[in-house]
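> The listed protein sequences derive, respectively, from chains A and B. Counting in our numbering, the first sequence tops out at residue 157, every number present. Counting in our numbering, the second sequence tops out at residue 1156, every number present.
There may be inaccurate statements among the hints.
Said to hold, decoys possible - Heads up, simulated EDC-like pairs for lysine to aspartate or glutamate below, C-alpha to C-alpha not over 20 angstroms straight-line:
#1 A:Lys53 to B:Glu1120
#2 A:Lys53 to A:Asp94
#3 B:Lys1080 to A:Glu103
#4 A:Lys55 to B:Glu1077
#5 B:Lys1112 to A:Glu98
#6 B:Lys1003 to A:Asp40
#7 A:Lys53 to B:Glu1101
#8 B:Lys1082 to A:Glu98
Stated by the list, open to error - Reference excerpt, derived from the structure (chain A facing chain B, CB under 8 angstroms, subset only):
#9 Glu28
#10 Gly29
#11 Arg33
#12 Tyr34
#13 Ala37
#14 Ile38
#15 Gly39
#16 Pro63
#17 Gly64
#18 Pro69
#19 Phe80
#20 Glu103
#21 Phe132
#22 Val146
Please keep in mind that the hints were generated in silico from the structure rather than gathered at the bench. Quick caveat: nothing in here was measured; it's all calculated off a predicted structure. Ideal Cβ positions, reconstructed from N, Cα and C, are used throughout, including at glycine.
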Amino acid sequence: MAEGSLITDELRKLIGVTLDTIVFKVEEGAIQRYAQAIGDPNPLFNDPDFASKTKYGRLLAPPGFTGWPVKSGRPTERLFASLVRVGAPARILDGGVEFEFIEPIGAGDVLTATTKIAKVAERETSLGKTMFTTAEVTFVNQKGNVVLKSWATIIQF
Amino acid sequence: MAKQVCYEDVEAGTEITPLAKIATTRMLVQWAGASGDFNPLHYDDDFAKAMGVGAPIVHGALKRAWLGQLMTDWIGEEGKLKKLSCQYRGMDYPRRMKTMEEPRDGETWWCKGKVTKKYEQGGEHLVECEIWVENGKGEKTTPGSALVALPTRKRK
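Whole structure, please, built from the sequences with the hints as guidance.
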């Protein structure tokens, strides 16, 4: 561990280790409330009758929605708790996210999300000494297909 | 719904139809409930000050969701969003409410984007885009990128 580094040896040991597996149910009402909160009137996300007549056959989740509480919500909160336990700074900001959409996600799906730390880095920023953690989450649906992968950047300072 | 955009309709530089958004304190509360992100950073003045951001800020994930809408609106029902990424670079501060429904005067945010590249791969007609959310001053607070597959008019 470098002098004054935020990345403890204990934290380094967590890289690549599967930290958490969570099951999400994708409920129709949760999709509708999420679309309304975005202000997105797309009938694919709001109108079950319309959506059932499309090739998707059911109300579709807007990109990034995987059931309530949302994607990075629960897995990332628990990940954050694990990071703080091994000595990472407690002040946290959401740095950004990357999604790879593999198959559509819609009402009635049951997703299993598996989280691991893909990468940890640190550098000096306007916030002071700052740590950047990339959390990789893989979502598998009830048929066993990988439907979504996400990489969230957690900023701690 | 707008006319379906096809692969043949776009070139590098083609502008994505912009989307206007007004973030309000009311909208952040609605987003907190719908997303399940109850971090007080987005609704508690004192907590936001203690966190060093001055006042409650717009959720990064809400701005990301706006960019999702920018793309799904543009590609229509026949298009497929394959990748989307963005970085939460700048803080955005919601408008406060004047009445229960109506925000005070202030900033309007714009989600914008343009095509950077198009190519065929694995039987798909792919289009790469640079996308972003800009604030009322025209600053890109949330830059990102997207990859979409568009339908083609060419017969297979």
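> Which of the numbered hints above does this structure break?
When the structure is compared with the hints, numbers 1, 2, 7, 9, 10, 19, 20, 21 and 22 turn out to be violated.
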